[in-house]
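Q: Chain by chain, the residues run as shown.
There are 2 protein chains.
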Amino acid sequence: MRNFVFYNPTKLVFGKNTIDKIGEYLKKGKIKKVLFLAGGGSIKKNGVYERVVRSLIENDIEKVEVWGVRPNPVLSKVEEAIEVAKKESVEAILAVGGGSVIDSAKAVAAGYYYEGNVWDFYLEKVRPKKALPLYTVLTLSATGTEMNGNTVLTNERTTEKFAFGSIVVYPKVSIVDPEVQFSLPEHQIVNGAVDAISHVMEYYFDGAENTELTDRIDEGIILTLIETTEKLLENPKDYEARANFALSTTLALNGISGLGHKGGDWASHELEHAISALNPEVAHGAGLAVVFPAWMEYVFTKNVEKFAKFGENIFGIKDDNTEEVAKKAIRSLRNWYKKIGAPITLKELNFDYSDIDNLTEIACKHAPFGELVKLEKEDIRKIYEIAYE
Amino acid sequence: MRNFVFYNPTKLVFGKNTIDKIGEYLKKGKIKKVLFLAGGGSIKKNGVYERVVRSLIENDIEKVEVWGVRPNPVLSKVEEAIEVAKKESVEAILAVGGGSVIDSAKAVAAGYYYEGNVWDFYLEKVRPKKALPLYTVLTLSATGTEMNGNTVLTNERTTEKFAFGSIVVYPKVSIVDPEVQFSLPEHQIVNGAVDAISHVMEYYFDGAENTELTDRIDEGIILTLIETTEKLLENPKDYEARANFALSTTLALNGISGLGHKGGDWASHELEHAISALNPEVAHGAGLAVVFPAWMEYVFTKNVEKFAKFGENIFGIKDDNTEEVAKKAIRSLRNWYKKIGAPITLKELNFDYSDIDNLTEIACKHAPFGELVKLEKEDIRKIYEIAYE
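These protein sequences, in sequence, are chains A and B. Quick note, the working numbering runs 276 ahead of the 1-based positions in the first sequence. Quick note, the working numbering runs 276 ahead of the 1-based positions in the second sequence.
If we strip away everything but chain A, and leave its shape as in the complex, we get (with noise of 0.2 Å):
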């Protein structure tokens, strides 16, 4: 087990109607008026915009409004929030969305103190050493950012996707209310199971030894995902299906799953994101669904025993044949995302063979990475050919 620093100061609010309580939260914070940062309109539809306006209001809670944050957030948009939070002087960022939303807003909170392009936060040029408090609603359970300090954004100006984290951007307070997801469409369920799976094995697989409690922890994360996606997928009320499912997807990524491991692996994060930036369209679940297995496939021979032991522990494969387990792992989680209708190929997501060599392209600017194997330019272009069909 290697040595770490666990922690995470965000107050995580988790259950039914808790919802209602954020100018609660804001009031106890003393915050008297915040930038509300919002998606494409859909928390009008399911009524979560009017219950948060409702307790702003009884909490004497001003705000300020910028709508527009779409999937795979955009550099463009984070500038123009960082604008008006300044113009109008609000005292904290109050983000209600998905994982979009959340991560605008964190660069939103860093950049108002931040003469230079929020841009920089990104490019590691520099740390944002001061943030405004960040207070969030999550809408859509999927990236854990309700739980830590980290941001992933696209600059549309140069395709670039990238990710930064840092201590000052963790939220102060996460609502998360399970029964405002009810309404979901069944592929937002699919990709923040695929998401959130991923997360979890970006650790388990980056080469760590004797993180026993850790693995199981990990396994636990990934087993109550599967079964709650099913459940949803059958029923999308079910509430304690609804819970645990959420419940999943924040542990997955807010510091718990990654104790004493390597800082996690990262590799298939990468590769993905060089197939979003590419193709806006495409979900963040979706690109990981196309290329964690394939990844696997690429490089499960530097592990094989671990890759074993996650084929015995997920998906309950015996064989005396180490390599063989590991092997069946592999086809079980394709199989398994195959089954819930998550794309498995490069293929699915409407990309020709020949986009390969654009795909490596964008993805080698941040080349070389990866823990357990440190991918080159050639390896990368072979991960995506295996992805490909």
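In case anyone wonders, no lab produced these hints; they're calculated from the structure. Keep in mind that a hint or two might mislead.
A pair counts as met if it fits within one copy or between any two copies, since identical chains are not told apart.
As a list, the in silico DSSO-like pairs of lysine-lysine whose alpha-carbon atoms are at most 30 Å apart [said to hold, decoys possible]:
1) K309 - K658
2) K306 - K401
3) K306 - K448
4) K401 - K320
5) K578 - K614
6) K507 - K578
7) K405 - K306
8) K304 - K507
9) K614 - K603
10) K650 - K292
11) K594 - K507
12) K538 - K406
Computed from a predicted model, the values in this text were never measured in an experiment.
Position chain B relative to chain A; hints supplied.
A: Showing chain B alone in chain A's frame:
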């Protein structure tokens, strides 16, 4: 799953040689003078004291020492330390030791700002509003106090052993350096294992439903404790077992193990507190090894399915008859306690049958208690009778 708020602001610094960083963390916290609180002197034998002092000197941190916190810590020592802390105007408490030292340090930290007697917090007459910042160096993994806001103390004047919990006494930073535990005697490993397993079981068996993810995490913690305890009794210097053991004890009571639960049952802890209040020579873990299986035997019919799930997932018991599995689970737990050298009867703790009256009287001061079953006086007596031999 029940609604919950999870908020744990302790920074956990975990791993080899982390102990030498305590001075740096205090300095980062702008602390210049601490009350150094410790136990009976074992930290002078194993090098911990010297390393902490060196780190304090290197970071220009002054200290005033108070020694002599004993297992099952007592109010009088806390009162003494509060007086010293006030007189010397320290800026923080630095607890170096096991659960007793850290629990006492929490009382000192909160008592520093309180006009009345600190025992008022334990009597729940008043809640602490403020506390000195608390830094800890853990030398004995067991109670989980290094990452929560709980403290248990005995008032020798009244033979009461009470607890309180508050957000203001969560440690700012806790250092867990598993290597410094290599020299612990066997019975402390055993007591620590029983204590941590009991913490997890208090949640697991509190009657909450639909806690699938938390159940898996809890089972993972217990399985890891069983596995690593056996390894450490074989080889106390097995670092990886030590680290997994230590991390398991921390997660057993930092909030994670009880997510979505009813707050835990805690009847077994009440029953144990009477035991060690009556005989302070009994270690908390030893008392729990005796009383928890007795409680299980008395209440398991109220939630047979859950006790059977425990038997299946922890001890691999298979049987079509659910009640049989539940019974075997309790038997297996007792057998394992016996195997690792924990006591399993009150007799082994040198109690006479006639002491049951006394134990019942003491425990009844807080009765009725328990979440799965609210225990009244007659129930309490019966459980002590089951525990007797």
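Q: Indicate which option fits the pair K594, K507 if close means a Cα-Cα distance not exceeding 30 Å: within, between, both or neither.
A: Both. Shortest intra-copy (26 Å) and inter-copy (26 Å) distances satisfy the 30 Å Cα cut-off.
Q: At most 30 Å between alpha carbons: which applies to K578 and K614, within, between, both or neither?
A: within (26 Å within a copy, 42 Å between copies)
Q: Checking an output row: K401 and K320, CA cutoff 30 Å. Within, between, both or neither?
A: neither (38 Å within a copy, 46 Å between copies)
Q: 30 Å Cα cut-off: does K304 pair with K507 within a copy, between copies, both or neither?
A: For K304 and K507, neither the intra-copy (37 Å) nor the inter-copy (48 Å) Cα distance is at most 30 Å.
Q: Within a copy, between copies, both or neither: where do K306 and K448 come within 30 Å Cα-Cα?
A: both (12 Å within a copy, 23 Å between copies)
Q: 30 Å Cα cut-off: does K405 pair with K306 within a copy, between copies, both or neither?
A: Both: 22 Å inside a chain and 18 Å across chains, each within 30 Å.
Q: Should K538 paired with K406 be assigned to within, between, both, or neither, using CA atoms and 30 Å as the limit?
A: within (27 Å within a copy, 37 Å between copies)
Q: Indicate which option fits the pair K309, K658 if close means a Cα-Cα distance not exceeding 30 Å: within, between, both or neither.
A: Neither: 51 Å inside a copy, 59 Å across copies.
Q: Can you give me the call for K507 and K578, within, between, both or neither, at a CA distance of at most 30 Å?
A: between (35 Å within a copy, 28 Å between copies)
Q: If the cutoff is 30 Å on CA atoms, where do K614 and K603 land: within, between, both or neither? Let me know, please.
A: within (17 Å within a copy, 42 Å between copies)
Q: How do K650 and K292 come out at 30 Å by Cα distance, when the copy is not named: within, between, both, or neither?
A: Result: close only across copies, 26 Å inter versus 44 Å intra.
Q: Treating 30 Å as the Cα threshold, decide for K306 and K401: within, between, both or neither.
A: between (33 Å within a copy, 28 Å between copies)
Going through the hint list in order, the structure does not satisfy hints 1, 4, 8.
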